[in-house]
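Asker: Given next are the chains, with one letter for each unit.
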Amino acid sequence: MAVHTSRTAAQAAGDTNVARGRGRGGLKHALATHWYAWTMVAPVALVLGVIIGWPLVRGIYLSLTDANERNVARTIGANTIEASYEFVGLDNYTAVLSDPVFWQRLVWTVVWTVVCVSVTFALGLALANMLNRNFRGRGFYRMALILPWAVPGFVSVFAWRFLFNRDNGILNKVLEGGGIAAVPWLDDPTWAKLSVITVNVWLGVPFMMVALLGGLQSIPGELYEAAEMDGAGAWQRFRHITLPGLRSVSMTVILLSTIWTFNMFPVIFLLTRGGPGDSTEILVTQAFREAFVSSPRDFAGSATWGVLILALLMIFALVYRRSLRKQGEVW
Amino acid sequence: MTVATSVTEPAAATERAAVRKPGAVRGRGERSPLASVALHATLIGASVIAVFPVLWVLLTSIKPAKDAISTDFVKDPTLENYRYLVESTSFFTWFANSVLVAGVTTVLGVFIAATTGYAVSRFRFPGMKPLMWTLLVTQMFPMAILIVPLYNLMGQLGLLNQPVGLIITYLTIAVPFCAWMMKGFFDTIPVEIDESGRVDGLNPFGTFWRLILPLARPGLAVTAFYSFITAWGEVAYASAFMVGDDNLTLAGGLQTFVTQYTANWGPMTAASVLIAIPAAIVFVFAQRHLVAGMTAGATKG
Numbered sequence: 003m004a005v006h007t008s009r010t011a012a013q014a015a016g017d018t019n020v021a022r023g024r025g026r027g028g029l030k031h032a033l034a035t036h037w038y039a040w041t042m043v044a045p046v047a048l049v050l051g052v053i054i055g056w057p058l059v060r061g062i063y064l065s066l067t068d069a070n071e072r073n074v075a076r077t078i079g080a081n082t083i084e085a086s087y088e089f090v091g092l093d094n095y096t097a098v099l100s101d102p103v104f105w106q107r108l109v110w111t112v113v114w115t116v117v118c119v120s121v122t123f124a125l126g127l128a129l130a131n132m133l134n135r136n137f138r139g140r141g142f143y144r145m146a147l148i149l150p151w152a153v154p155g156f157v158s159v160f161a162w163r164f165l166f167n168r169d170n171g172i173l174n175k176v177l178e179g180g181g182i183a184a185v186p187w188l189d190d191p192t193w194a195k196l197s198v199i200t201v202n203v204w205l206g207v208p209f210m211m212v213a214l215l216g217g218l219q220s221i222p223g224e225l226y227e228a229a230e231m232d233g234a235g236a237w238q239r240f241r242h243i244t245l246p247g248l249r250s251v252s253m254t255v256i257l258l259s260t261i262w263t264f265n266m267f268p269v270i271f272l273l274t275r276g277g278p279g280d281s282t283e284i285l286v287t288q289a290f291r292e293a294f295v296s297s298p299r300d301f302a303g304s305a306t307w308g309v310l311i312l313a314l315l316m317i318f319a320l321v322y323r324r325s326l327r328k329q330g331e332v333w
Numbered sequence: 104m105t106v107a108t109s110v111t112e113p114a115a116a117t118e119r120a121a122v123r124k125p126g127a128v129r130g131r132g133e134r135s136p137l138a139s140v141a142l143h144a145t146l147i148g149a150s151v152i153a154v155f156p157v158l159w160v161l162l163t164s165i166k167p168a169k170d171a172i173s174t175d176f177v178k179d180p181t182l183e184n185y186r187y188l189v190e191s192t193s194f195f196t197w198f199a200n201s202v203l204v205a206g207v208t209t210v211l212g213v214f215i216a217a218t219t220g221y222a223v224s225r226f227r228f229p230g231m232k233p234l235m236w237t238l239l240v241t242q243m244f245p246m247a248i249l250i251v252p253l254y255n256l257m258g259q260l261g262l263l264n265q266p267v268g269l270i271i272t273y274l275t276i277a278v279p280f281c282a283w284m285m286k287g288f289f290d291t292i293p294v295e296i297d298e299s300g301r302v303d304g305l306n307p308f309g310t311f312w313r314l315i316l317p318l319a320r321p322g323l324a325v326t327a328f329y330s331f332i333t334a335w336g337e338v339a340y341a342s343a344f345m346v347g348d349d350n351l352t353l354a355g356g357l358q359t360f361v362t363q364y365t366a367n368w369g370p371m372t373a374a375s376v377l378i379a380i381p382a383a384i385v386f387v388f389a390q391r392h393l394v395a396g397m398t399a400g401a402t403k404g
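Residue numbers (the working numbering), protein chains in the order written: chain A, 3 to 333; chain B, 104 to 404.
Pulled out of the complex, with its shape left as it was, chain A reads as follows (with noise of 0.2 angstroms):
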C-alpha cells in the first residue's frame, strides 16, 4: 500500500495516463515529477537489468539451441574457436517434455516443495505462538531457535551430513545404544527423501518463525478480550483471530517460501548430490547437472530446464495471486 506523500505523488497517480498520450512535452513533465523517484530506484533497475536480464536472455536464446561443451566458442591453448552451434527452434522443449524424466522430476519436486513448506509453516505457527507468551526464558528460546538462520547454509548443511553419517555418525550411535539398527539416513531412497526435508524444514523454520512472530504481535489484544468476553474458547480463539490476523504475513511468507524451496539447490546439492541414483533429485539440481557435471556438458539442455523451472513459477505466483484476489486481498 503506498502512500501518497504530497500534492505530486496524488497527481502522478493520475498523470501517468495523461503524461503518456500528450508525448515529449509530457515526457518532460513526467521527468519532473518523478525524477525523485527514479533516481531512487535507478541502482536497483540498473544492477538487475545487467545482472540477471541479460544472462536470462541468453538463457532463453540458448535454450532455442543446440550448444553444448563441444561447439560453443573456446579457448583451447593458444587458438580461439568460434562457436559453431546453431538454432533449432523448439527442439530442446519437446525432448525435456516428453521425456519421462521430466515428468519425474516435476513430480517429486511439488511434493519436496509442498511437504517442505507446510510442515515449515505449522511448525513455525506453533513455535511462534508459544513465544508470543510472556514467560521467563522467552529471549533465550527465541534466540536458540533463530539460530540455524545466523549459520551459513553450506556450515549447516555439513553439520547434517555429519550426524547422518551412516557409520560415525552421532544419530546411528545414539539408536546402536538404543539397540535399533544403524538407519541408513543418505544411502537409501526414501530415507534420503526424508532426510533432506528434514535439514530443510530445520533451515527454514527460523525464518517462518520470526515472521509469523511479528505478525502475532501486531494482532491488538482487545480482539482477544472481546472474544473471552463472548466466551470464545482457546481453540476459537486461535482459529477466528490469530489465523485471519496472520492472514496477510502468511501470503507473504508462504509465496517466499515456496519459490525459495522450489529452487533450494544447496540443500540437495551439498547433503546427496541429488542421490542415492538420482531419487532425490529436484528440476534445479537437474540443470545443473547438464550443465556441469553431465557430459559433454549440454548447456542448451540446461538452459531448457532452466526456462521450465521460471515459467512453473512465474504461472504459480500469478495464479497464487488471482487466488488471492478472489478472496479479496489486495496485493
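FYI, nobody ran anything at the bench for these hints, they're computed from the structure.
Even for Gly, the Cβ is constructed at its ideal location relative to N, Cα and C.
Be a bit skeptical, because a hint or two may be false.
[To be verified] Computed spacing ranges between beta-carbons, pair by pair:
hint	chain 1	residue 1	chain 2	residue 2	range
1	A	V121	B	V151	16 to 22 angstroms
2	A	G181	B	V151	20 to 26 angstroms
3	A	F318	B	G261	35 to 41 angstroms
4	B	V177	A	G139	22 to 28 angstroms
5	A	D93	B	R186	56 to 62 angstroms
Based on these hints, arrange chain B on the given structure of chain A.
Answerer: For chain B alone, kept in the frame of chain A given last:
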C-alpha cells in the same frame, strides 16, 4: 536522534503491552503448572533440535582429530584443528577477502534496498508495478542456471577474480528481498513525518535521509543481517568466479579444503566454526531487531 527515540519507544511499549494484555485478560498468569511444564518442555526440545547440530560441530572441532567421530561430548579439548587450519591454508587472506566482500555488500545492499523501498512505499511513479514484479521474479531464478551466463558476462566486463564482480552478484541476490521488506517497513512509518519534513523545506532525499532512515533502524538491521549472511556464506558463485588462493573468500576457500579431505572431520569442523563465528556475531547484534523489523516488513510486504 530524539525523534527516533520518541517514536520507537511508544511503539515498543505497545508491542509489549500487546503481548502482556491478552495474557492478563485470558488468565494466562494463572497458567496451570502442568501447562507451564509442557510449554517449557516443548520449547526446550525445539531449542535442542535447533542448536544441537551446530553445537555438535563446535564440540567436535575442539576434540583431537583422531577422536572426531567419538560420541563423547568433550574429550581432551584442544585447539589443534584450528592451528592446523590456520597454518596450512591462506586463512587470513581469505578472511580479509570475505570481510571486504560481505562488508561492502551489506553497506551497499542496505542503502540500495532502503532507497528502493522508500521510493516504492511513498511515490506512485510509472514503472513501479513492473519493478515490484521484477523484484519478485528475481527470487524465482534458479541460481544454478545463471552461473554460466553470469560467468561469461563477468569475463566480458573484466570482473572475474575481482571482489567487485562478487559484490554485484551478491547484491542481486540480497537486494530484491530486502527492498520488499523495507517497503513494508516504510509503510508503517506515518506519512505525516514526511510531510513535516517537506514543510521544513527538505527535499525528498533530505526527508528520507534525515527523518525516515533513523526511524527505520529495526528494518535496516534485518536488511543488514540478511545481506551479510547471504554474502558471507555463499559458496557457488565464490568458487566459480574467484580463482587462485589469494582471491578466494573464506566460504569458497574452506569449501575447497572441505571437499579435498573428505575423511578429515576434525579440521573440517574447525573450518565450519570459523565461518560461522562472524555470522553469529552479526546475528547477536541484529536479533534484537529481527522480530520488530520483520513484523512490519512481512505483514505489509
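Asker: Does the beta carbon distance between A/F318 and B/G261 stay inside 35 to 41 angstroms, or does it fall outside?
Answerer: 38 angstroms Cβ-Cβ, so the 35 to 41 angstroms window holds.
Asker: Could you check the hint for me, namely that A/V121 and B/V151 are 16 to 22 angstroms apart, CB to CB?
Answerer: holds (18 angstroms)
Asker: Kindly confirm whether 56 to 62 angstroms is satisfied by the beta carbon distance between A/D93 and B/R186.
Answerer: holds (57 angstroms)
Asker: Check the following: the C-beta atoms of B/V177 and A/G139 are separated by a distance inside 22 to 28 angstroms.
Answerer: Given about 25 angstroms between the Cβ atoms, the range holds.
Asker: Range first: 20 to 26 angstroms. Now tell me if the beta carbons of A/G181 and B/V151 are that far apart.
Answerer: Cβ of A/G181 to Cβ of B/V151: about 22 angstroms, so the range 20 to 26 angstroms holds.
Consistency note: the structure conflicts with none of the earlier hints.
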